[in-house]
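As a plain string of letters, each chain reads:
Number of protein chains: 4
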Amino acid sequence: MNKKKIVNDPVYGFITIPDELIFDLIQHPWFQRLRRIQQLGLSNLVYPSAVHTRFQHTLGAVHLMGLALEVLRSKGIDITDEEKQAASIAILLHDIGHGPFSHALENILVPLHHEQVSDLMMKALCHSVDDRIRLALEIFNDQHPKRYLHQLVSGQLDVDRLDYLNRDSFFTGVAEGVIGYDRIIKMLNVKDGLLAIEEKGIYSIEKFIISRRLMYWQVYLHKTVVSAEQMLIQIIRRAKELAQSGESLFATPALQYFLMRSELDLSERSAWLPHFVLLDDSDVYSAIKVWQSHPDTTLSLLCRHLMNRILFKVEFQKSMFTPSQKEEKRKRVSQNLFNHKEAIPNYFLLENSTSNSAYSKQTGPIWILLKSGELRDIAEASDQLNISVLSEPVIKHVMCWLDQPL
Amino acid sequence: MNKKKIVNDPVYGFITIPDELIFDLIQHPWFQRLRRIQQLGLSNLVYPSAVHTRFQHTLGAVHLMGLALEVLRSKGIDITDEEKQAASIAILLHDIGHGPFSHALENILVPLHHEQVSDLMMKALCHSVDDRIRLALEIFNDQHPKRYLHQLVSGQLDVDRLDYLNRDSFFTGVAEGVIGYDRIIKMLNVKDGLLAIEEKGIYSIEKFIISRRLMYWQVYLHKTVVSAEQMLIQIIRRAKELAQSGESLFATPALQYFLMRSELDLSERSAWLPHFVLLDDSDVYSAIKVWQSHPDTTLSLLCRHLMNRILFKVEFQKSMFTPSQKEEKRKRVSQNLFNHKEAIPNYFLLENSTSNSAYSKQTGPIWILLKSGELRDIAEASDQLNISVLSEPVIKHVMCWLDQPL
Amino acid sequence: MNKKKIVNDPVYGFITIPDELIFDLIQHPWFQRLRRIQQLGLSNLVYPSAVHTRFQHTLGAVHLMGLALEVLRSKGIDITDEEKQAASIAILLHDIGHGPFSHALENILVPLHHEQVSDLMMKALCHSVDDRIRLALEIFNDQHPKRYLHQLVSGQLDVDRLDYLNRDSFFTGVAEGVIGYDRIIKMLNVKDGLLAIEEKGIYSIEKFIISRRLMYWQVYLHKTVVSAEQMLIQIIRRAKELAQSGESLFATPALQYFLMRSELDLSERSAWLPHFVLLDDSDVYSAIKVWQSHPDTTLSLLCRHLMNRILFKVEFQKSMFTPSQKEEKRKRVSQNLFNHKEAIPNYFLLENSTSNSAYSKQTGPIWILLKSGELRDIAEASDQLNISVLSEPVIKHVMCWLDQPL
Amino acid sequence: MNKKKIVNDPVYGFITIPDELIFDLIQHPWFQRLRRIQQLGLSNLVYPSAVHTRFQHTLGAVHLMGLALEVLRSKGIDITDEEKQAASIAILLHDIGHGPFSHALENILVPLHHEQVSDLMMKALCHSVDDRIRLALEIFNDQHPKRYLHQLVSGQLDVDRLDYLNRDSFFTGVAEGVIGYDRIIKMLNVKDGLLAIEEKGIYSIEKFIISRRLMYWQVYLHKTVVSAEQMLIQIIRRAKELAQSGESLFATPALQYFLMRSELDLSERSAWLPHFVLLDDSDVYSAIKVWQSHPDTTLSLLCRHLMNRILFKVEFQKSMFTPSQKEEKRKRVSQNLFNHKEAIPNYFLLENSTSNSAYSKQTGPIWILLKSGELRDIAEASDQLNISVLSEPVIKHVMCWLDQPL
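Chain order of the listed sequences is A, B, C and D. Residues in the first sequence are numbered consecutively from 3, following our numbering. Residues in the second sequence are numbered consecutively from 3, following our numbering. Residues in the third sequence are numbered consecutively from 3, following our numbering. Residues in the fourth sequence are numbered consecutively from 3, following our numbering.
It is worth saying that the hints were derived from the structure and are not from the lab. As the structure is a computational prediction, the values presented were derived from the model and not from experiment. It is possible that part of the hints are untrue.
All copies of an identical chain are treated as equivalent in the list; a pair is satisfied when it fits inside any one copy or across any two copies.
In silico BS3-like pairs for lysine-lysine, Cα to Cα no more than 30 Å straight-line [claimed, not checked]:
(1) Lys7 / Lys77
(2) Lys343 / Lys398
(3) Lys398 / Lys333
(4) Lys148 / Lys193
(5) Lys86 / Lys343
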């Protein structure tokens, strides 16, 4: 059977599956599951076409990894075929640990971070599918001596970001988020074992940083999206509370399993992993729809509001909310809940903060390879863009609250 | 509140919601439900990005309707503001009666055709939301004297087709399916009360017909998609059989309602409609995942195969399958079920036929408005393309069967 | 110096110059000249953005040749590095013999066909630049044993057509002309030494044929373009007549050289080639602008009309024009020239015919490689599109005449 | 005759000519001339597809003006039909005074700035074509009370910039230069008589500023382009010197006219304008090709180098070139001219400086209309992008010199 398959992709035209092992991993039920997990959680409530999935994103990232490694090889960087395969597998599986609604419910529904789960699942696949995944794990966990391979999987300018910025701007229709991914990839190089961008690619990097910032505020942290995701979190919080206090709740058995548990013993993966790999967005959607008529007023109100897209009002501000601001909103919520005395007000008034830096030094700098052969941090190499300003995180304080009488 | 909203759409850039009534209908839970029904059923198993929804398609069709009506008005066709709104509502709601997986499960899960349900739901909305929907219903049902308004909603060259061909080729990445929708719309005219295309648009129409044909064979009737959809149908058939014989089956209450019933009394819409409007793809996905471990071997085998994308083998041929061809496949299925004696072989060997004509005269011809002022059927006006050949339906006989031992 | 350059191209993103010899040929003044020859002659009078040049087209075709050869190699077809380079050079230079306005003035301004000139220039470059061009010449002239290499340069489905259909539809903005060039290339194969398309690419080929037909009638043979190009031909005819009868005419020396001669002795290439390689569109444009005030009324009238885009009226019809139709137009022309008695009426009333077949068997069929391993002509393999009809040439008879009084 | 024509445009799909007066102006020979003047001078030597013309750009800007005015009207800004037409004419004609090679030869070949010439030509058209152009002139010259109309024609965020950034990035293939023109236009508003962008458009504006900066350094001031344009300027300087000292030079009469004159009396437009309106790129190209064999060594060397794309070497640096740097290059030039003693070294060693600010306050700020109703300069409203840094001009000192022995 010919496993060198070609997949149509509206973003890149065609994606070629590079080899049989990768093909087999894509066919694995754990990976197929990503077809049913949307990349951007509830962003489709604002951008209706943003229903693309982790599955597509991951294939796209594999495609870019292939291009990037070919560029590096053509510049004389020595990358063996095994390393090439392993880097592709590392990026293929980097998101396999995502649960329903990706980041929106991360750490809420299942009390785990997706990278931890990806790591565990890769280890399991190493045993059950193919031992060659071990090299991918090394790269994924930055234990491989060629550190630039890890940087391509997870860094300031990795193929993950290149694909998601590109893909998310494509599917949301926010054309301004588009980046010159092909030009950036052509400018990649390695110097002193570090991934770098050749000097003439500097404007493309500036553009990349600005586009990322734009996507954050216009899509990922869009007010309406934040409001909807906060409501979703409250729904799951309340459902867990009810489930753990013995209330009966409709749910698939897999979802039931996690609603009942407040903590997981990561080390006992054979206990929870079989349930985890059955979860996707449909478990959550199908439950929330049923919960709209649950006897618990708090739960049913939240569910009805979310499903009918009557969302909480949101305010963002740079400073913390003052006690009087909070008090005022608390009063509004009370009034709006007048006909639902049993509803717990806390669930209808939420406070949070979001933070984003367009360029963050912690992840390590983006290195520019000057014509002179030196490496320089983009923050210094850019002759004008004030990247030191861009790298300070923008913190926005958020309040969401029920704004209509029910 | 400003209800003249703008929606980002990767296909057209921006879509403006034309008025408040339409905005309110979009906000209605029945319409929001379309966000959770994929336009192309299981086509995403072949084209991973084809996860776009009925919601997007319908907004796109409303957008094209607005453009088309403006073109006609600019050519002196008298269309009142009420008619414009009604035509937009008719296209907005034309697909509201779709159930989970759109056409793939039409008439199978819920024993109804989507147009019938759309009609009923529009009538209900007329009562509960706004009486102006009545005019839309007249257009939808071809009872309005300006027949070209109906033709724009449902005809050989309606805005429904213009949007779905365009959108489906965009999201599948099958770039060849792209049509010159903007040029076609600019060439629209009305003559003798009929919708027509001006003569110089004739090549665009030929192209439209060929693109439609290509999309049928390359996407809608792609072998792998046909195989997956046949498997989905068998799953539902089996689940209904079990449910109706008293077996216990995990399902949301809404899905349960329809699994239990083999027939519906359409006239009693108050009985079934409240259940219907809760259904979307997630009810089916969440159930199938659970059914993978159902004690009924037939059901659980089918579910495991579909979820893990181990699909039945398919053959298409122009002539009917001969008894010996069928016999041979029957033997294969028996062998492959060797370890599952309780499985019912019929569910693993399916026969069907597909039919498609690129241009079908029954729906009425596409009229070309000649420079001389006469109308002529494209089939005669095209100086070369053999549309009479294209209008003969292509029938392909299909067999799908279990091809691997389990 | 790094000659492995990357060129930005709006159609394909980036084009990589494959090797140093090809880079040197691109830098050659004869090739640089193509930057100043528009691909589509006067089509920009209808499609203002269609000012793209032979230079871009040729680079694009080289890019597609590279993709095609890689696909064939990946399917096990043995192609040496020398053959790969030679095929790329053959396509790079296939249009080098084009003169000003490409096809529009072919055989009119310079009494030669562009292929003949390309052949001569390739031979000359063989001597002056690099002997490796000899292998390219063999492929170009179909004297190479691997005939599929020639078919990629010049056949029914060559990379020339793939690029020009793609590029011309891109730059004219006739989006409907777009073809699935990438899919077609991925489906290429070689069987019995012939270039073929794998069976599953059949719809893409049908689409390619229809798109080509659409581009012919909508762009290449657009009425207004035909009218303008006929006027341009009359201008050159008249200018040659005047020049050869001793009249003084402004022109660059190179243009002068060809205006003075009615015939060329191909064998004496050292006489005329040095003049030919100086010609481009600017010689013709700069002359026509000056000739607008030439004392010869026929010439100056034609030039003023063309430069100011007051074009002749055109009629196309399927049958030949009857004597009475011609007579009627002759009268109109006489009336319209009333104030310009010295003008020669023949130049203001033109008759011609155009012919195009969407699929022409003479160039050899497009072979489909069936799954069974057999080759079949697309005309038989297509289960529905009536290619035998499409392969009959459509002949349209054309008359153009001066329609306004001057 | 139907003058409401539709024009295909690859950037926007279709452009509708808004009315008959505008149609007539487009048909005017002075405007048709823009079909033969490339938008980006010699940028096509780096970006081969950047051969698009002032004609296309201007139609595109008219299209955007129409969209912008419709947006403003829909927000309640009162704009009469006459004002709408006048604003469209102002933008249609804003570039009509451009000469060959647009900015590259501005003030060199014809000793005038294009805006001055546009102004004069608009006045002339006012007399000869239609008096309604007078209102367009008022807007063009900022003499109209509704100043936002002028700002749309010429300001920091005018439709000129929106079109050229968009179009130049499209045709160069520098995809990163793309801007969200449609979103920016939808966010336009007027407050206190000034053009402003609504607050939620702020990220689009940041993106616009960064894209503009990127286009400057990557396209408009690309080193190779700067080198070629400097060479072109030297050619014209030398040709004028020779012509004015009585040397015979091949040239069209119109070009001849300007070569002979070092100064023009603007007030006597009837003397020079008839020559000016005949000039386009072809006059210059056809002359330079002939001058390649001119007896003046300086001229012919420069021409041969430019036509064959053997360009001067360029260096950019932030500080001024030191005497020793200059001396070193002077020596190189002398050595390289060893075989051409008669060549004047000055013409082969050029010094210059370029300057660009991504955001320049002189043109007036970009106003952001806050939700509170206040106007604020983007430089203050942007919560992070350091626009005050971006508004400082980046000055780069440039030297170009002959780097190969001849």
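So which of those numbered hints doesn't the model satisfy? 2, 5
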